[in-house]
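Trainee: Protein sequences, first through last, are from chains A and B.
Residue 1 is where the first sequence starts when you use my numbering, and the numbers rise one by one after that.
Residue 1001 is where the second sequence starts when you use my numbering, and the numbers rise one by one after that.
Careful, some of the hints might be misleading.
Computed list of chain A residues with no C-beta within reach of chain B, every gap over 12 Å [to be verified]:
1) 49
2) 65
3) 94
4) 95
5) 98
6) 99
7) 100
With a straight-line cut-off of 27 Å between C-alpha atoms, the simulated DSSO-like cross-links for lysine-lysine are [unchecked claim]:
8) A:56 to B:1009
9) A:42 to B:1044
10) A:100 to B:1009
11) A:100 to B:1041
12) A:68 to B:1009
Sample of chain B residues at the chain A side, in silico, Cβ under 8 Å [stated by the list, open to error]:
13) 1019
14) 1043
15) 1046
16) 1052
17) 1055
18) 1090
19) 1098
20) 1106
21) 1107
Everything labelled a hint here was simulated from the structure, so no lab data went into it.
Since we're looking at a predicted model, the values are computed, not measured.
The beta-carbon is built from N, C-alpha and C at its ideal position, and this holds for glycine as well.
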Amino acid sequence: GESVGLHLPTLSVQEGDNSIINCAYSNSASDYFIWYKQESGKGPQFIIDIRSNMDKRQGQRVTVLLNKTVKHLSLQIAATQPGDSAVYFCAEGVTGANSKLTFGKGITLSVRP
Amino acid sequence: DTAVSQTPKYLVTQMGNDKSIKCEQNLGHDTMYWYKQDSKKFLKIMFSYNNKELIINETVPNRFSPKSPDKAHLNLHINSLELGDSAVYFCASSQDRNSGNTIYFGEGSWLTVV
């Protein structure tokens, strides 16, 4: 079946460094992708999304890159802060009625002070 | 104001009991969801309702019965609870039933079956 997965289960970075979280997806029909952040004891929060007609999208300190050729998605966090420590999920979907988001396995980002 | 609120946040109960988790959203969204997150943090959709109509049912056991009295509420009732039902259950909502809309999640309900 189709799946969305992350390459690394955990990522440890130094405060102030840039973080890159990678995600591979396998459904070539997916045209919508979202990154979520889940802090301990809370629900997933929307970070940024991108549609398949784009390669790159920037937000505040975050950038999402989409490579449709190799079905790869990445989240870049600039100047990582302790508050960025959380579990990050990528999710994919196909635009259309009754579509659903499929979530990948979470990756834990740990920021060292 | 909490956009998607669910209660209770924590629930510990014995096997065989019946329990409910309530969810309300004040975003004016048409579509609501229940997701289950297991101990490995894997998030999987269980149900989706659009304007009180069930639109997604992901082969969830019949012991799980969602109820949507109106489009702002989606409650989850679980009969005959089993140990494997222990998980975090997230309610969520989106503007409408089309993918491409951001899904907003509640804070989660931690269910422990003993």
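Trainee: None of the hints should be skipped; say for each whether it holds.
Mentor: Right, here's what the structure says about each hint:
1. 49: Per Cβ check, residue 49 of chain A is inside 12 Å of chain B; nearest 7 Å; violated.
2. 65: About 19 Å separates residue 65 of chain A from the closest Cβ of chain B, which puts it past 12 Å; holds.
3. 94: 6 Å, violated
4. 95: The claim is violated: residue 95 of chain A sits with its nearest Cβ about 4 Å from chain B, within 12 Å.
5. 98: 5 Å, violated
6. 99: 3 Å, violated
7. 100: 5 Å, violated
8. A:56 to B:1009: Roughly 37 Å separates the two Cα atoms, so the pair is violated.
9. A:42 to B:1044: Holds - the C-alpha atoms of residue 1044 of chain B and residue 42 of chain A are around 16 Å apart, at most 27 Å.
10. A:100 to B:1009: 25 Å, holds
11. A:100 to B:1041: Satisfied, since the Cα-Cα distance of roughly 18 Å is no more than 27 Å.
12. A:68 to B:1009: Given pair residue 68 of chain A, residue 1009 of chain B is violated - Cα atoms ~39 Å apart, limit 27 Å.
13. 1019: 19 Å, violated
14. 1043: Interface hint status for residue 1043 of chain B: holds (4 Å vs cutoff 8 Å).
15. 1046: 11 Å, violated
16. 1052: 15 Å, violated
17. 1055: This hint holds: residue 1055 of chain B lies near chain A, its Cβ roughly 5 Å from the closest one there, short of 8 Å.
18. 1090: 5 Å, holds
19. 1098: 6 Å, holds
20. 1106: Cβ of residue 1106 of chain B sits 5 Å from chain A, so the hint holds.
21. 1107: 5 Å, holds
The structure does not agree with the numbered hints 1, 3, 4, 5, 6, 7, 8, 12, 13, 15, 16 stated previously, though it agrees with the rest.
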